[in-house]
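Add 81 to the 1-based position in the sequence shown for the numbering used here, that's all there is to it.
Accuracy of the hints is not assured; some may be wrong.
[Stated by the list, open to error] Listed next, the in silico DSSO-like pairs over lysine-lysine satisfying Cα-Cα at most 30 angstroms (straight line):
{"hint": "1", "residue 1": "K83", "residue 2": "K209"}
{"hint": "2", "residue 1": "K282", "residue 2": "K83"}
{"hint": "3", "residue 1": "K282", "residue 2": "K209"}
[What the hints assert, rightly or not] Simulated DEER-style distance windows between Cβ atoms:
{"hint": "4", "residue 1": "G162", "residue 2": "A345", "range": "47 to 55 angstroms"}
{"hint": "5", "residue 1": "P150", "residue 2": "V308", "range": "25 to 33 angstroms"}
{"hint": "6", "residue 1": "S290", "residue 2": "A220", "range": "14 to 22 angstroms"}
Honestly, the hints are just simulated from the structure, not real lab data. Where a beta carbon is used, it is the ideal one built from N, C-alpha and C, also for glycine.
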Amino acid sequence: FKPLPSMVVAHYLGVPEEDRDQFDGWTDAIVAANSSAGGITAAMGTAGAAVASMMGYFSELIERRRREPGDDTISHLVAAGVGADGDIAGVLSILAFTFTMVTGGNDTTTGMLGGAVQLLQQRPDQRKLLIDDPELIPAAVDEFLRLTSPVQGLARTTTRDVTIGDTTIPAGRKTLLLYGSGNRDEREFGDDAAELDVRRKPRSILTFSHGAHFCLGAAAARMQSRVALTELLARYPDFEVDLDSVVWAGGSYVRRPLSVPFRAGT
82 FKPLPSMVVA
92 HYLGVPEEDR
102 DQFDGWTDAI
112 VAANSSAGGI
122 TAAMGTAGAA
132 VASMMGYFSE
142 LIERRRREPG
152 DDTISHLVAA
162 GVGADGDIAG
172 VLSILAFTFT
182 MVTGGNDTTT
192 GMLGGAVQLL
202 QQRPDQRKLL
212 IDDPELIPAA
222 VDEFLRLTSP
232 VQGLARTTTR
242 DVTIGDTTIP
252 AGRKTLLLYG
262 SGNRDEREFG
272 DDAAELDVRR
282 KPRSILTFSH
292 GAHFCLGAAA
302 ARMQSRVALT
312 ELLARYPDFE
322 VDLDSVVWAG
332 GSYVRRPLSV
342 PFRAGT
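Generate coordinates for the entire structure from the input sequences, incorporating the hints supplied.
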């Protein structure tokens, strides 16, 4: 599934096809900074270089779209006047948007799809439900998002004292929101919260965070996942995954497989 998310993001940002092979390198370097494998200092240096390269590329692309507009998100933002007439803040907002979409929409969707095929390998009964009734797939996407939780958690800083149960978190304290744990909370999703149920239609999943921090790319991620799973099950309903040979990426930020041994089946 690795090329799909970066291809989709590149397409709606208006990145020419010949430039799209840079995306995975940028993302891999930035995500690696969240793992100490090979040394965190070296990883941070590589990530910094990747961010600089990415921002340089998109700065040039913004200017190109001023001269040569297309039917893409950057062109539409430029046409709307964002970043015009020396508005540095506007240009920075476009750059921040591109950074979020490239780094947040690549390995996360790959992680979800790589996890989904493993769940379907483990639960042939659930796979059969989707094959027999593909109309279940759009709602089932949220169930896969819930169980895979590609972003395991993000940090926040309390702005005031917060009491949860018998514990008070003081103002100014760093806290870690564990999305993966919350997405399997039996109080919200029932006693079988750890099990795949493609007919569950879960509400209030935390995969995309919540409120002001809700993921900008949620709709794109859902769309990609729906199309990918629909096509996969239509073309290769008997696919097989070697669950014992799956290789997972290091780090605690994005939960994603590096390799999923896969047979298309008959």
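Worksheet entry | Structure versus earlier hints - violations, ascending order | none
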